[in-house]
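Participant: Each chain, letter by letter, is given below.
2 protein chains.
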Amino acid sequence: MKIAIAQLNPTIGNLTENGQNILDAANQATAEGAQLLLTPELSLCGYPPRDHLLNSSFIKQMAQELETLAQKLPPQLTVLVGVATPNPDAAEKGEKPLHNSIALIENGEVVNYFHKRLLPTYDVFDEVRYFEPGKESNCFVINVQQADENLVPVTIGVTICEDLWNDENFWGKRNYQHNPLDDLALRGVDMIVNLSASPYSVGKQKLRESMLGYSASHYGLPIIYTNQVGANDDLIFDGASITLNRTGELVSRAQPFQKDLMIADFSPTEQDFQETTIAPSPDNENEEMWQALVLGVQDYARKCGFQKVVIGLSGGIDSSLVAAIAQSALGGDNVLSVLMPSPYSSSGSIADAEALVSNLGIHSATLPIEPAMNAYDEILEPLFSGTEFGVTEENLQSRIRGNLLMAIANKFNYLLLSTGNKSEMAVGYCTLYGDMNGGLAVISDVPKTRVYSLCRWLNQEQEIIPENVINKAPSAELRPDQKDEDSLPSYDILDQILHRFIHEHQGLDEIVAAGFSEEVVKNVTNLVRKAEFKRRQAPPGLKVTDRAFGTGWRMPIASRIKG
Amino acid sequence: MKIAIAQLNPTIGNLTENGQNILDAANQATAEGAQLLLTPELSLCGYPPRDHLLNSSFIKQMAQELETLAQKLPPQLTVLVGVATPNPDAAEKGEKPLHNSIALIENGEVVNYFHKRLLPTYDVFDEVRYFEPGKESNCFVINVQQADENLVPVTIGVTICEDLWNDENFWGKRNYQHNPLDDLALRGVDMIVNLSASPYSVGKQKLRESMLGYSASHYGLPIIYTNQVGANDDLIFDGASITLNRTGELVSRAQPFQKDLMIADFSPTEQDFQETTIAPSPDNENEEMWQALVLGVQDYARKCGFQKVVIGLSGGIDSSLVAAIAQSALGGDNVLSVLMPSPYSSSGSIADAEALVSNLGIHSATLPIEPAMNAYDEILEPLFSGTEFGVTEENLQSRIRGNLLMAIANKFNYLLLSTGNKSEMAVGYCTLYGDMNGGLAVISDVPKTRVYSLCRWLNQEQEIIPENVINKAPSAELRPDQKDEDSLPSYDILDQILHRFIHEHQGLDEIVAAGFSEEVVKNVTNLVRKAEFKRRQAPPGLKVTDRAFGTGWRMPIASRIKG
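Chains as they are written, first to last, in this note's numbering: chain A, 328 to 890; chain B, 328 to 890.
Check the hints yourself; a few may be wrong.
As the list claims (entries may be wrong) - Derived pair list, reagent style DSS-like, types lysine-lysine, alpha-carbon separation capped at 27 Å:
#  : chain 1 : residue 1 : chain 2 : residue 2
1  : B       : K799      : B       : K810
2  : B       : K500      : A       : K810
3  : A       : K387      : B       : K889
4  : B       : K533      : B       : K329
5  : A       : K387      : B       : K500
6  : A       : K857      : B       : K738
7  : B       : K399      : B       : K423
8  : A       : K857      : B       : K387
9  : B       : K810      : A       : K861
10 : A       : K799      : A       : K738
11 : A       : K849      : B       : K387
12 : B       : K462      : B       : K420
13 : A       : K387      : A       : K420
14 : B       : K399      : B       : K387
15 : A       : K462      : B       : K423
16 : A       : K738      : B       : K857
17 : A       : K423      : B       : K531
18 : A       : K889      : B       : K423
19 : A       : K889      : B       : K399
20 : A       : K423      : A       : K399
21 : B       : K500      : B       : K531
22 : A       : K399      : B       : K889
23 : B       : K423      : A       : K420
24 : B       : K423      : B       : K462
25 : A       : K738      : A       : K635
26 : B       : K420      : A       : K500
27 : A       : K849      : A       : K889
28 : A       : K500      : A       : K462
29 : A       : K586      : A       : K531
30 : B       : K586      : B       : K531
31 : A       : K531      : B       : K423
32 : A       : K861      : B       : K420
Because the hints were derived from the structure by calculation, they are not lab data.
Values in this document were obtained by computation on a predicted structure and should not be read as measured data.
Generate the whole structure from the sequences, applying the supplied hints.
Facilitator: In structure tokens, the structure reads:
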């Protein structure tokens, strides 16, 4: 039996276009002889639809679109489509109004709905906000014609994303009360399919393959894992759908970070898949993260309707990396970089930025900001006379640049990309309404030490980021001879402390016990807390780690906390 | 039996200060002869603690602080304190790691914990993100000495906030599977206490009193409702704790919008409260909202460590209202208003702003922005020459003002208050990094029509907002003779459409069916969707309606949705 795995890239809420993409995949699947088509979780509305789900007319439109789609699908193809469906028991039983469902479509009709049982409500996930969990295990039967014309029934267990993330034996603990795998194994299914929209973070695909391989072999059941691909705001979905035999062996993998349609061939007699193509995974974490970021920029621009982006280039490593990502995502012709030197800019920085522009083949403009600095000094003179040059004046330079970039973005309908890294965003070493300006914060979840390793990786074959950009000491160049490390610990130390504090939720004592100076740790954790008001107003940032600032980081601002 | 109801105003995470406030309340309660002290939900850490709860060292500190506090409390006083506690079953049963609990303290020791059973996970609430619901109904017994020296046991049912919000008979539907009131009634308790942190929205107190009165009389049980007071970021807690007799009659009410300690006197023989003081509720919705906004500004400034605020005054009604709120919250001496006229500013606007400054007795400075406008024109000339004056140039004026205000805020450590109203924020009639700048958006949940009614209410006894500010046609004054209604429907129509779309979740068809022009409705809903990227970067805004932009509004940006 041939099963098509459609790794789709939906736009949130665009039911017509997403439906058309499912139909296209169905036609292709049929042409390739498939009997069953799998699509990702909520494939009709895209994941995550968030508060669009509170709009009842949106839920009605989704039901209509599903019906229209069902009628257009090839009748001989069984199709699983992800949709949000009303929960008829909600008012009577005091339940949530919707289910996160999979519609089973046969012969142009929806013949069953399967409801997601484990609803992630942590990090970026808010599923209990909208959905009631399904209470039953989900499966259906497909009759497969054998060479001898006999029909063999194959029972397929249906799970939705998180439903497979509670294998107690793999995790060493339970994450939810139920384990849908246990129930399906008891029902004697022949295979498990999983319809997912699992956001990328570094190393996630390895974790998935290891976890699913464990479960397949533990239950002795082959698994098909179908993942969404593409970026929706801050979340990047990496695709890389896979099939695993009942021994846990990986037999096929779809393209990572690309739309794809993969055919798996299941033998009902052998109860396993025939080996097909295994698309290569990225070689290393740098390559993986690079691909994620490129897709993130590409999809945010496309789905928001922008063809071109504008970026402020300082000659530093962060803006250089963002420019390289943008060039790879959209082509050099669609990237405008703007150099905005001040009297504090070093000639080296300008030369470095120009070298990068030339390496990338992107457009550039140079707009010296001194006239605006003088104008603000003049305007503020009545209030500021007698005060010393300080952070206020540094911020003003950053904000003048932010204004110029927004003026260009507004005038020519460009998307402004902001260039701050995660280490800066963590400790607030960035200017609100200045260098934080932008529609998308491309590397705001990339720690500074990773920015360096990404640039070195990128330069492996030829110099893309000028070597001088990588080798010079980082500086904001907002006052003479300023260096980042005048105000902050070295990025190597800083990133280790931040990782413990932000990702591992460690307290002061634990971090100090790991060998860091108490004074430094206290300073860093205080800076992180004090910068909350800045992060609250940051643009969405592409999530590439397991704990990013943004939708999955919900911190109070007016707060006093020790340690 | 005297019961003290401590309506406390905690700062999120400040365990030491919050603990001290509970201790002070306990000492006062003892001095007034109380036998039992009630404090709000999560009174030790403040509500909502949000992702601080993911930090295990914070949970440990809370447990230590609770123990320290218990030892200091007057031994003869029984005290209920709100704390987050670890769920020991989490890993084994696949449950959430914490409970939202009430500690029962007697004789210097925690003798029991009660866990919240209904966990709100909608709007601004994320409780399932952190907490496992309690599975049992909660009660304890206090022995009350009668005049004849006999001890009479009084059984007190304990509920936490949402636990009382599922009376199916009142709502006409269930919101959760269980109703803790049913269980407590079956256990034959003598009284229900509710420990709450229930955020304000307009009309909420009336709803609470009506709902609790209904439940008290339905179950024939007296109820004490103890609410948190004070603002934490976007959420304002209005206090107004109440006691209700078993007929549902209101017998006492604490001060709304103020810290308070109220004594209720319960007669075990009559099974009801003796009547005490009923603090007056605000006369009308305008007064209520005004008090909420004043408290919101006061607490955000205080809890973030600011004494003074700065506001850009345009001579328009929004900034005038915000200045009046700030003056009431912090005193005229702590408010700096800045007039930043451009060549497009009318002399009337400047005069209006000056009249307001004089009415309020606040500080002011005037900084004409033309030099900065010219500087930007000069800098951008190479890119912009030949293009027409348009939205870009309008935004630049707004951003120059935003930069000047931030420079003043940075230089003198003032909190910048932004002045945009909800109608503007909804349709994007505001400039990101311009007039949206600020640490707190004071009226971003106040629709424009309500801005007018608040100003008229404020002027009832004497002119505070200059009449001309109220009567003139609203204008951004970013180009000659500009009026808001050139770009938008009249605010009266706009606010009705917005209410249906944002609050009632109505679709295009429903709004048109209510009598609005399809073209206008389509235009408005499109504007709302297109402005999502601006709102994502807005400062926290004080929530005063049942659906505010901000933490309770979770919309995708890169999204295409019809209708």
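Participant: Now tell me, hint by hint, if it's right for this structure.
Facilitator: Results for each hint:
1. K799/B with K810/B: Since the Cα atoms of K799/B and K810/B sit roughly 10 Å apart, the hinted pair holds (cutoff 27 Å).
2. K500/B with K810/A: violated (62 Å)
3. K387/A with K889/B: Holds - the C-alpha atoms of K889/B and K387/A are around 12 Å apart, at most 27 Å.
4. K533/B with K329/B: Judged against 27 Å, a Cα distance of about 26 Å means the pair holds.
5. K387/A with K500/B: holds (22 Å)
6. K857/A with K738/B: holds (17 Å)
7. K399/B with K423/B: violated (31 Å)
8. K857/A with K387/B: holds (22 Å)
9. K810/B with K861/A: Roughly 33 Å between the alpha carbons, so the hint for K810/B and K861/A is violated.
10. K799/A with K738/A: Distance of about 35 Å is beyond 27 Å: violated.
11. K849/A with K387/B: holds (18 Å)
12. K462/B with K420/B: holds (13 Å)
13. K387/A with K420/A: holds (22 Å)
14. K399/B with K387/B: The hint holds at about 19 Å.
15. K462/A with K423/B: The given pair, whose Cα atoms are some 19 Å apart, holds under the 27 Å limit.
16. K738/A with K857/B: Cα-Cα ~17 Å, so holds.
17. K423/A with K531/B: holds (23 Å)
18. K889/A with K423/B: Roughly 24 Å separates the two Cα atoms, so the pair holds.
19. K889/A with K399/B: holds (21 Å)
20. K423/A with K399/A: Distance ~31 Å between K423/A and K399/A Cα, so the pair is violated.
21. K500/B with K531/B: holds (19 Å)
22. K399/A with K889/B: holds (21 Å)
23. K423/B with K420/A: Holds, at about 23 Å.
24. K423/B with K462/B: Given that 27 Å is the threshold and the Cα spacing comes to 13 Å, the pair holds.
25. K738/A with K635/A: Roughly 12 Å between the alpha carbons, so the hint for K738/A and K635/A holds.
26. K420/B with K500/A: Within the cut-off at roughly 8 Å; holds.
27. K849/A with K889/A: holds (9 Å)
28. K500/A with K462/A: Satisfied, since the Cα-Cα distance of roughly 21 Å is no more than 27 Å.
29. K586/A with K531/A: Holds, at roughly 18 Å.
30. K586/B with K531/B: This hinted pair holds, its Cα atoms lying about 18 Å apart.
31. K531/A with K423/B: holds (23 Å)
32. K861/A with K420/B: Given that 27 Å is the threshold and the Cα spacing comes to 39 Å, the pair is violated.
Hint violations for this structure: numbers 2, 7, 9, 10, 20, 32, all remaining hints satisfied.
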